[in-house]
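Undergrad: As you go down the protein sequences, you meet chains A and B in turn. With the numbering used here, the residue at position 99 of the first sequence is 101, and numbering never jumps. With the numbering used here, the residue at position 90 of the second sequence is 91, and numbering never jumps.
Since the hints were made in silico from the structure, they are not lab data. Small disclaimer: the values here were computed from a predicted structure and weren't measured. Yeah, the Cβ is synthetic: ideal placement off N, Cα and C, and Gly gets one too. What you were told as hints is all true, and nothing was included just to trick you.
Here are some, though not all, of the chain A residues that point toward chain B, as calculated from beta-carbon distances under 10 Å:
hint	residue
1	Tyr38
2	Lys43
3	Ser45
4	Met47
5	Phe93
6	Glu108
7	Phe110
8	Gly112
9	Pro113
10	Gly114
In silico DSSO-like pairs for lysine-lysine, Cα to Cα no more than 27 Å straight-line:
hint	chain 1	residue 1	chain 2	residue 2
11	A	Lys22	B	Lys100
12	B	Lys70	B	Lys27
13	B	Lys100	A	Lys68
14	B	Lys70	B	Lys57
15	A	Lys43	B	Lys27
16	A	Lys16	A	Lys66
17	B	Lys71	A	Lys43
18	A	Lys43	A	Lys66
19	B	Lys105	B	Lys57
20	A	Lys57	A	Lys68
21	A	Lys43	B	Lys105
22	A	Lys66	B	Lys105
23	A	Lys43	A	Lys68
24	B	Lys100	A	Lys66
25	A	Lys16	A	Lys68
26	A	Lys43	B	Lys100
27	B	Lys100	B	Lys71
28	B	Lys27	B	Lys71
29	A	Lys57	A	Lys22
30	B	Lys100	A	Lys57
31	A	Lys68	B	Lys105
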Amino acid sequence: GAVVSQHPSWVICKSGTSVKIECRSLDFQATTMFWYRQFPKQSLMLMATSNEGSKATYEQGVEKDKFLINHASLTLSTLTVTSAHPEDSSFYICSALDTGQFSYNEQFFGPGTRLTVL
Amino acid sequence: SQQGEEDPQALSIQEGENATMNCSYKTSINNLQWYRQNSGRGLVHLILIRSNEREKHSGRLRVTLDTSKKSSSLLITASRAADTASYFCATRLTGANSKLTFGKGITLSVRP
Chain A
3 GAVVSQHPSW VICKSGTSVK IECRSLDFQA TTMFWYRQFP KQSLMLMATS NEGSKATYEQ
63 GVEKDKFLIN HASLTLSTLT VTSAHPEDSS FYICSALDTG QFSYNEQFFG PGTRLTVL
Chain B
2 SQQGEEDPQA LSIQEGENAT MNCSYKTSIN NLQWYRQNSG RGLVHLILIR SNEREKHSGR
62 LRVTLDTSKK SSSLLITASR AADTASYFCA TRLTGANSKL TFGKGITLSV RP
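All chains, full assembly: derive it from the sequences and hints.
TA: Rendered as C-alpha cells:
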C-alpha cells in the first residue's frame with residue numbers, strides 16, 4: 003500500500019511553545035488529508051480535514067486557532083499546535099486519501115507523532 | 002457519538018486459538034475497514050469490505066459484513082502472540098467526502 007510519513011515521531015516541548023508536525027504522502031498525491039488525535043487507550047478522534055489549497059475543515063470542539071493546519075502541496079500537510087499545554091499531550095496521527103486512478107479511495111495512515119507537553 | 006462499536010472490549014486467548022471480534026454501526030455505510038494498532042504505534046490497515054460484499058479473506062483474516070444487522074466480524078484464525086494489539090473497526094458512510102469514523106477498539110492479548 004501507499005506510504006504516509008510523519009515527522010517528528012515524538013516531541014517533548016515546554017508549555018506555551020508551538021510544535022509543528024509534518025505529514026507527507028510519499029508515493030501518491032493527496033488532495034485530502036486528515037488529522038486525528040488519540041489519547042491513551044482510546045480511539046482515534048478526527049480533528050480536521052485538510053484540503054490542498056483551501057482552508058481545513060475542523061470537527062466540532064476543535065479550536066482552529068490552536069491547531070493550525072496548512073496543506074500547501076499535494077504531498078504535505080502540517081499541523082501546528084500553538085501555545086501547547088499539558089492537556090494537548092497526545093498521539094497525533096495523520097492520514098492521506100489516495101484518490102488516484104488506480105486506487106479505491108483508500109485512506110493511508112502515518113505512524114503517528116507522540117507529543118508530550120511539560 | 003462514534004459510528005462503530007466493537008465488542009468485546011478486551012479479549013484474551015491462547016496462541017493457536019481463533020479470535021472473533023465484532024463491530025456494530027448505526028447508519029448506512031459505503032465500506033467498513035478493520036485496522037490493527039500495536040501499543041504506541043500507528044495504524045495498520047487490515048482489510049476493507051464494501052457494503053455490497055458479505056465476506057472477504059486475507060491470509061488468516063476473515064471479515065464478514067451483515068448490512069441488515071449493521072454489523073461486521075473479524076476472525077483471526079490460528080492466532081499468534083504477534084497478533085497481540087488493539088483492533089479498530091472504522092466505517093465510511095455513504096456520500097461524497099465522507100469521513101472515516103473509528104470505534105473504540107478491542108484489545109486482543111494472545112498468550113504464548
